[in-house]
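A.B. asks: Fit chain B to the known structure of chain A by using the hints.
If you read the sequences in order, they're chains A and B. Once you know that position 74 of the first sequence is 74 in my numbering, the rest is easy, because the numbers rise by one and skip nothing. Once you know that position 19 of the second sequence is 19 in my numbering, the rest is easy, because the numbers rise by one and skip nothing.
Read the hints as simulated data drawn from the structure, not as lab findings. Heads up, the beta-carbon is just placed ideally off N, CA and C, and yes, glycines get one too. A hint or two may mislead.
Covered by chain B, per the in silico footprint, the following chain A stretches (three or more residues, Cβ under 8 Å) [unchecked claim]:
#1 41-47
#2 75-81
#3 109-116
Pairwise CB distance ranges, derived in the manner of DEER restraints [claimed, not checked]:
#4 A:114 x B:7: 49 to 57 Å
#5 B:29 x A:73: 36 to 44 Å
#6 A:23 x B:15: 12 to 20 Å
#7 A:12 x B:12: 18 to 26 Å
#8 A:88 x B:7: 30 to 38 Å
#9 A:22 x B:73: 26 to 34 Å
#10 B:28 x A:10: 44 to 52 Å
#11 B:86 x A:101: 15 to 23 Å
#12 A:14 x B:26: 34 to 42 Å
#13 B:3 x A:115: 47 to 55 Å
#14 B:17 x A:113: 33 to 41 Å
#15 B:4 x A:101: 30 to 38 Å
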Amino acid sequence: MSALAAALDSELTAYAADALVVLGLAVTTLGVLGLFRMPDTYTQLHATGKAVFLGVIAFLVASLATRDAAIATRAFLIACFLILTTPVGAHVIARAAYRRREPMLTPGAVDESGAGLPERARDDGPGAGATR
Amino acid sequence: MHEIVFQIATLWLALLVVPCIVLILRARTGTGKILALDTLTLLLIALLVLWSDTERVPFFLDAALLLALLGFMGSLAAARYHSEGRIF
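Okay, chain A solo, but in the shape it has when bound (with noise of 0.2 Å):
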């Protein structure tokens, strides 16, 4: 713990909490992005996953540069929570796409499951990947 508080003692720490913000803020806003090209659900789960893990945990961490040790402890709570139910969230989500039949709209998709989810055929043009 006091080698923790002494290596954030450092000039660099200002440094290092803008560059895990400035990371956050980018993959968050590849998360969004995501959410909006990406053509069905099961590939909508890829981005909003990745835009948790990276982008929010990113924004926890960098909030140790404060130097507040009740900040510190509410935000190692936060991401200890987060670490535990996204996959979890993403599992569900996925399932219910999966009970509904919803179609898999990714180009060249293969259910292997055995479900017969209605698929796209791989070749369908360029702009098959796109919103709609």
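C.D. replies: Relative to chain A, chain B alone:
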């Protein structure tokens, strides 16, 4: 600590909320709407975390933790009800 970076990041996240709301209104499937709502909750959590760092008070992180808990439970309940017709 450079506050200006955190403040600009908070503003950027607040601007990112608008495309997320457009996504909620525009999603074709119910599952897409649930996923967009979950992402909106995460954007708000990130916003609260960054604002708590800017003001150097721990209160907003409590609100962020509550949002994470309730948002997770809400996504679970909504997705399960959407697919199975019941929650438990």
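A.B. asks: The structure should be examined with respect to each hint, and the outcome stated for every one.
C.D. replies: Now the hints, each set against the structure:
With 3 residues having a beta carbon nearer than 8 Å to a beta carbon of chain B, the region 41-47 of chain A meets the requirement of three or more and the stated coverage holds. Remark: the region 75-81 of chain A is confirmed as covered by chain B, as 4 of its residues place a Cβ nearer than 8 Å to a Cβ of that chain, reaching the required three. With 0 residues carrying a beta carbon less than 8 Å from a beta carbon of chain B, the region 109-116 of chain A misses the three-residue requirement, and the given coverage is violated. Distance hint check: the CB atoms of residue 114 (chain A) and residue 7 (chain B) are about 52 Å apart, consistent with the given range 49 to 57 Å.
A beta carbon spacing of about 39 Å between residue 29 (chain B) and residue 73 (chain A) agrees with the range 36 to 44 Å that was offered as a hint. At about 18 Å, the CB distance of residue 23 (chain A) to residue 15 (chain B) agrees with the hint of 12 to 20 Å. A beta carbon spacing of about 24 Å between residue 12 (chain A) and residue 12 (chain B) agrees with the range 18 to 26 Å that was offered as a hint. Range check, residue 88 (chain A) to residue 7 (chain B): Cβ separation about 33 Å, and the 30 to 38 Å hint holds.
For residue 22 (chain A) paired with residue 73 (chain B), a C-beta distance near 32 Å keeps the hint of 26 to 34 Å intact. In this structure, residue 28 (chain B) and residue 10 (chain A) meet the distance hint of 44 to 52 Å, their C-beta atoms being roughly 51 Å apart. For the pair residue 86 (chain B) and residue 101 (chain A), the beta carbons lie near 18 Å from each other, so the given range of 15 to 23 Å is met. Between residue 14 (chain A) and residue 26 (chain B) the CB atoms are about 40 Å apart, so this pair conforms to the stated range of 34 to 42 Å.
Between residue 3 (chain B) and residue 115 (chain A) the CB atoms are about 52 Å apart, so this pair conforms to the stated range of 47 to 55 Å. Between residue 17 (chain B) and residue 113 (chain A) the CB atoms are about 35 Å apart, so this pair conforms to the stated range of 33 to 41 Å. Checked against the hint of 30 to 38 Å, the C-beta distance between residue 4 (chain B) and residue 101 (chain A) comes to roughly 50 Å, which is inconsistent with it.
Of the numbered hints stated above, those contradicted by the structure are hints 3 and 15, listed in ascending order.
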